[in-house]
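S.K.: These are the residues of each chain, in order.
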Amino acid sequence: KAGVTQTPRYLIKTRGQQVTLSCSPISGHRSVSWYQQTPGQGLQFLFEYFSETQRNKGNFPGRFSGRQFSNSRSEMNVSTLELGDSALYLCASSLGGTGGQETQYFGPGTRLLVL
Amino acid sequence: AQTVTQSQPEMSVQEAETVTLSCTYDTSESNYYLFWYKQPPSRQMILVIRQEAYKQQNATENRFSVNFQKAAKSFSLKISDSQLGDTAMYFCAFMLGANSKLTFGKGITLSVRP
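One line per chain: the protein sequences are C and Z, in this order. Counting in this note's numbering, the first sequence runs from 2 upward without gaps. Counting in this note's numbering, the second sequence runs from 23 upward without gaps.
A few of these clues could be false.
What the hints assert, rightly or not - Facing chain Z, according to a computed beta carbon distance under 7 Å, are these residues of chain C, among others:
hint : residue
1    : GLY43
2    : LEU44
3    : PHE46
4    : GLU49
5    : SER52
6    : GLN55
7    : PHE61
8    : GLY63
To be verified - Result set (BS3-like, lysine-lysine): computed pairs, CA atoms no more than 30 Å apart in a straight line:
hint : chain 1 : residue 1 : chain 2 : residue 2
9    : C       : LYS58     : Z       : LYS95
10   : Z       : LYS77     : Z       : LYS128
11   : Z       : LYS95     : C       : LYS14
Said to hold, decoys possible - To spell it out: a stretch of chain Z is covered by chain C in this simulated footprint if at least three of its residues, at any positions, have a beta carbon under 8 Å from a beta carbon of chain C; those stretches are:
hint : region
12   : 25 to 31
13   : 85 to 93
No lab work stands behind these hints: they were computed from the structure. Remember, it's a predicted structure, so these values are computed and weren't measured experimentally. Just so you know, even glycine gets a beta-carbon here, dropped at the ideal spot from N, CA and C.
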């Protein structure tokens, strides 16, 4: 089975721009979660999508949004980019049952640099 | 709110030796899961081992085993016969049983010396 894929792998943007990141889960997985990783804040949960609906949300401003398509692929959008949004964005997929019964498998990440 | 603490920022071990990475967590819930993830220089997050809180038996995966002390809220990872490929950052993570959000510790950088 192919693993979780994320595109693009690297991005450079300037302040004020917006960006869209994509995540394709493992085949058969219906849940996709997004995490932001920075040296200062570590790994922080952004949100989780299941069956095209946001099921969980972390403590990030409204500039961070996401969606999920019927094939379970997910996109994350960040509008009005700030320097502090520079980070590694990781997505993880799981089968989608409730709670921690299932393990999350991570993609390779998208590294975003905001100048 | 749940918290995960990894107090050791760095550790070093000689190849073939054993090393233990510490993790403590805080929660008032009884249904939860604990994980150790490995992040090598490639930045790919890889699951090492998982533990269900309701299981008393410590999880084991080949050279990796955990010491789960539920009352003490401690979840340490033991790596036996350390290999150069074990060099990575290791994250302890917590997930509530009714949720899909992983809460991570700050991580520990492990270096395996030849």
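S.K.: Taking the hints in turn, state whether each one holds.
M.R.: Structure-based check of each hint:
no.: 1; hint: GLY43; result: holds, 5 Å
no.: 2; hint: LEU44; result: holds, 4 Å
no.: 3; hint: PHE46; result: holds, 5 Å
no.: 4; hint: GLU49; result: holds, 5 Å
no.: 5; hint: SER52; result: violated, 13 Å
no.: 6; hint: GLN55; result: violated, 11 Å
no.: 7; hint: PHE61; result: violated, 12 Å
no.: 8; hint: GLY63; result: violated, 19 Å
no.: 9; hint: C:LYS58 / Z:LYS95; result: holds, 26 Å
no.: 10; hint: Z:LYS77 / Z:LYS128; result: holds, 25 Å
no.: 11; hint: Z:LYS95 / C:LYS14; result: violated, 42 Å
no.: 12; hint: 25 to 31; result: violated (count 0)
no.: 13; hint: 85 to 93; result: violated (count 0)
In this structure, the earlier hints numbered 5, 6, 7, 8, 11, 12, 13 are contradicted, and the remaining ones agree with it.
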